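Novice: One-letter residues, chain by chain:
Number of protein chains: 2
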Amino acid sequence: MKKNVINVGLLGLGTVGSGVVKILLEHKDSISRKINAHLLIKSILVRSFGKERDLVIDRELLVNEPIKIINDPEIDIVVEVLGGVEPARTIILKAIENGKHIVTANKELMANYGKEILEAADQFGVDVYFEASVGGGIPIIHPLKESLAANKISKVMGIVNGTTNYILTKMAEDGCSFEKALKQAQALGYAEKDPKADIEGEDAAAKIAILASIAFNARVTAKDVYTEGVSKITFEDITYAEELDYVIKLIALAKDDGNGIDVRVHPAMIPKTHPLASVKDVYNAIFVEGDSVGEVMFFGKGAGSLPTASSIVGDMIDIARNLQQGRSGIIGCTCFEQKRIKSINEITSCYYLLMDVIDQPGVLAKIAKAFGDHKVSINSVIQKQSRGINADLMFMTHQVCESNLRDAIKEIKRLAVVNKINNVIRVETS
Amino acid sequence: MKKNVINVGLLGLGTVGSGVVKILLEHKDSISRKINAHLLIKSILVRSFGKERDLVIDRELLVNEPIKIINDPEIDIVVEVLGGVEPARTIILKAIENGKHIVTANKELMANYGKEILEAADQFGVDVYFEASVGGGIPIIHPLKESLAANKISKVMGIVNGTTNYILTKMAEDGCSFEKALKQAQALGYAEKDPKADIEGEDAAAKIAILASIAFNARVTAKDVYTEGVSKITFEDITYAEELDYVIKLIALAKDDGNGIDVRVHPAMIPKTHPLASVKDVYNAIFVEGDSVGEVMFFGKGAGSLPTASSIVGDMIDIARNLQQGRSGIIGCTCFEQKRIKSINEITSCYYLLMDVIDQPGVLAKIAKAFGDHKVSINSVIQKQSRGINADLMFMTHQVCESNLRDAIKEIKRLAVVNKINNVIRVETS
Chain P
1 MKKNVINVGL LGLGTVGSGV VKILLEHKDS ISRKINAHLL IKSILVRSFG KERDLVIDRE
61 LLVNEPIKII NDPEIDIVVE VLGGVEPART IILKAIENGK HIVTANKELM ANYGKEILEA
121 ADQFGVDVYF EASVGGGIPI IHPLKESLAA NKISKVMGIV NGTTNYILTK MAEDGCSFEK
181 ALKQAQALGY AEKDPKADIE GEDAAAKIAI LASIAFNARV TAKDVYTEGV SKITFEDITY
241 AEELDYVIKL IALAKDDGNG IDVRVHPAMI PKTHPLASVK DVYNAIFVEG DSVGEVMFFG
301 KGAGSLPTAS SIVGDMIDIA RNLQQGRSGI IGCTCFEQKR IKSINEITSC YYLLMDVIDQ
361 PGVLAKIAKA FGDHKVSINS VIQKQSRGIN ADLMFMTHQV CESNLRDAIK EIKRLAVVNK
421 INNVIRVETS
Chain D
1001 MKKNVINVGL LGLGTVGSGV VKILLEHKDS ISRKINAHLL IKSILVRSFG KERDLVIDRE
1061 LLVNEPIKII NDPEIDIVVE VLGGVEPART IILKAIENGK HIVTANKELM ANYGKEILEA
1121 ADQFGVDVYF EASVGGGIPI IHPLKESLAA NKISKVMGIV NGTTNYILTK MAEDGCSFEK
1181 ALKQAQALGY AEKDPKADIE GEDAAAKIAI LASIAFNARV TAKDVYTEGV SKITFEDITY
1241 AEELDYVIKL IALAKDDGNG IDVRVHPAMI PKTHPLASVK DVYNAIFVEG DSVGEVMFFG
1301 KGAGSLPTAS SIVGDMIDIA RNLQQGRSGI IGCTCFEQKR IKSINEITSC YYLLMDVIDQ
1361 PGVLAKIAKA FGDHKVSINS VIQKQSRGIN ADLMFMTHQV CESNLRDAIK EIKRLAVVNK
1421 INNVIRVETS
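Keeping their order, the protein sequence lines are chains P and D.
My numbering numbers the first residue of the first sequence as 1 and each following residue consecutively.
My numbering numbers the first residue of the second sequence as 1001 and each following residue consecutively.
Bound-form chain P, shown alone:
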């Protein structure tokens, strides 16, 4: 039953794909000892044969048609690092049909078509592992499915996008604008030329959809996630947060209180004493709250060639160990429940609001009345500064229902004494 060689077909040789090749070369011997076989890359799908590469790779391994990998009967494991839904989805489904085990780093695919992929894996009796799709090198998907499987998970919350965390860290530490911090991130390769997926929260939304699906044993897709990005965060917000002993982070959050799943990505103010507050630059951290374990946190590099490849090769080793036992598909899809997704209007949160108002007696009373009329209870209010006839008012609310807050804001906007609501940011204290 045991094999001497386990053959791998690699789809893609970009940043992450190169990392996979590098680790397999450098750790050839120790990996062989762990799986009692050689883990060999047999073919690599690339777009161009002629491209200059840092890695020394046997040209004979390169192929330019996926079919040469997924139809190769000698290939046991297909590793997909192409990214994006298509053609990855079609290729992976075909590979599964052909009995190949899959390792993928593709969050978009798993967050949108996870059900289809995992059901196909179940049907054809193969493993699909995707540890690298969330949190780069941080082990989080396996722990959620395995070591923490004895828990009813009530909450998953984390910083899962390195690009925006780098930008927010820079804004806070260097006092620069969002635009300047974004340019720095791009110069360092932390942000893409078209940074939309990162800064608008789409990347984080895909990741929290994957985590929520596993944590709550119910399918959550990327489109279920209420998503706001970081582009509206100003240096002013960061300064005010700082004064209140808070920091602003792009938070991905999923809660299950038994009445539905609250799943969202948005900037949030969190207390400086919160462990997520000290997660800086491109690091990621994910908190999990379970009824037995309490709070556990996982921290590390959420992206990059080698950290991501670390998770991919870890998954390949897992599959290889399974293959050596002549079995597979131990876990598969764990979404055996159906749960309702809450609308953003149903959630409750504390909120920070910054308003530009006319600096005259009675203004606060009018705004406070509007809040009160909509059951929005105020925790604190600070008049930040007077600028001639105008002033900045900053409110922090208690836990209130988002729909009530939105109604109050509508009414406040109509008040003649309010020039503008500069920003509304949710506050996560626990």
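Hints are not guaranteed to be accurate.
[Stated by the list, open to error] No farther apart than 30 Å at their CA atoms in a straight line, the calculated lysine-lysine pairs in the DSS-like style are these:
#, chain 1, residue 1, chain 2, residue 2
1, D, Lys-1280, P, Lys-272
2, P, Lys-22, D, Lys-1155
3, D, Lys-1375, D, Lys-1255
Everything labelled a hint here was simulated from the structure, so no lab data went into it.
Source: prediction; values computed, not measured.
Could you slot chain D onto chain P? The hints should help.
Specialist: Then chain D, alone, in the frame of chain P:
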């Protein structure tokens, strides 16, 4: 092949054992769906049938002889929460011989007899899982063996003993003595009546031996670990550490630089900005440094009934999933290398030294000469306070070899101007 019922024999019904029973009862349905079978406790080994218990347990489940569990052909998984080496070792070996899969929380057993147990498991083709033996509810052993398997691990460092961490936190926050903090810990149930194993570092030594064995793929036993406890830490040390922006923690550390394994447990000063500095009370945190993944950290409750039981039931679910596939023993012992253990004299570290000296000109020169003669390079020196004819001198060294430091200390102790060396504490900056 698939079973409808997987039967469990539980050895021990103390704090952790009761937690296991509680989780299995409360999460009966969700666990059944995860493993497509019922996970049933068939027998529980107890010392006394008559004891009052918080749990409602069918008296017919209770047995008082281990043989009734390990010889029961219907029992698939034996869960050991007795603690201590014997009789746990003998019972587990016998259970393995009888084809039972094992889940244990027993750090003493695994740190001292891990090789014997895992080799027996290999011989008889069963699984032995021990996630709960380190870090309570924190997933760390599985991630090290699986998701991080693609890494060459160079370092594991953490806070793995909640009792001492609670004591050190109390001393720092309330400004109390070691003795008072220990009494508080005992009153809260965080420390045992005989607290030796915790405060002298033995518990942490067993845990780091287990982690080092897995991280470095080479057997490290508890007796290989250089161990110092926290009982000599004074409030004075904590105050001086605070002034220097450091905190004192009981650190368990293992490094592999290719020339041998440096493995030790001792109090250490760590910078306040270090992520371990903010790990308070009974929480644990473990850092792992791998060549591909960089730094990853795992954080959570390191002890307690339910957190520890969370890891145990997680392991039971893993084994049950394996059983449903008709296989076992995928990973087994991963110590396929032999590595030398370094003696404490070979290690290098920075050190904090507090001395009580005669307050007169030339004293510093004499001490500095003794350091210099033994190649101990001083980073900073602060005269802390003058008390009439005596004064406190505090030194921080650069990275130096421990044997050189020890030689320097011997010589300094002989100086007539030095009344006493109050304390020497290693400093871990990264």
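Novice: Now, for every hint given, state plainly whether the structure supports it.
Specialist: Hint check results:
1. Lys-1280/D - Lys-272/P: holds (15 Å)
2. Lys-22/P - Lys-1155/D: holds (21 Å)
3. Lys-1375/D - Lys-1255/D: holds (23 Å)
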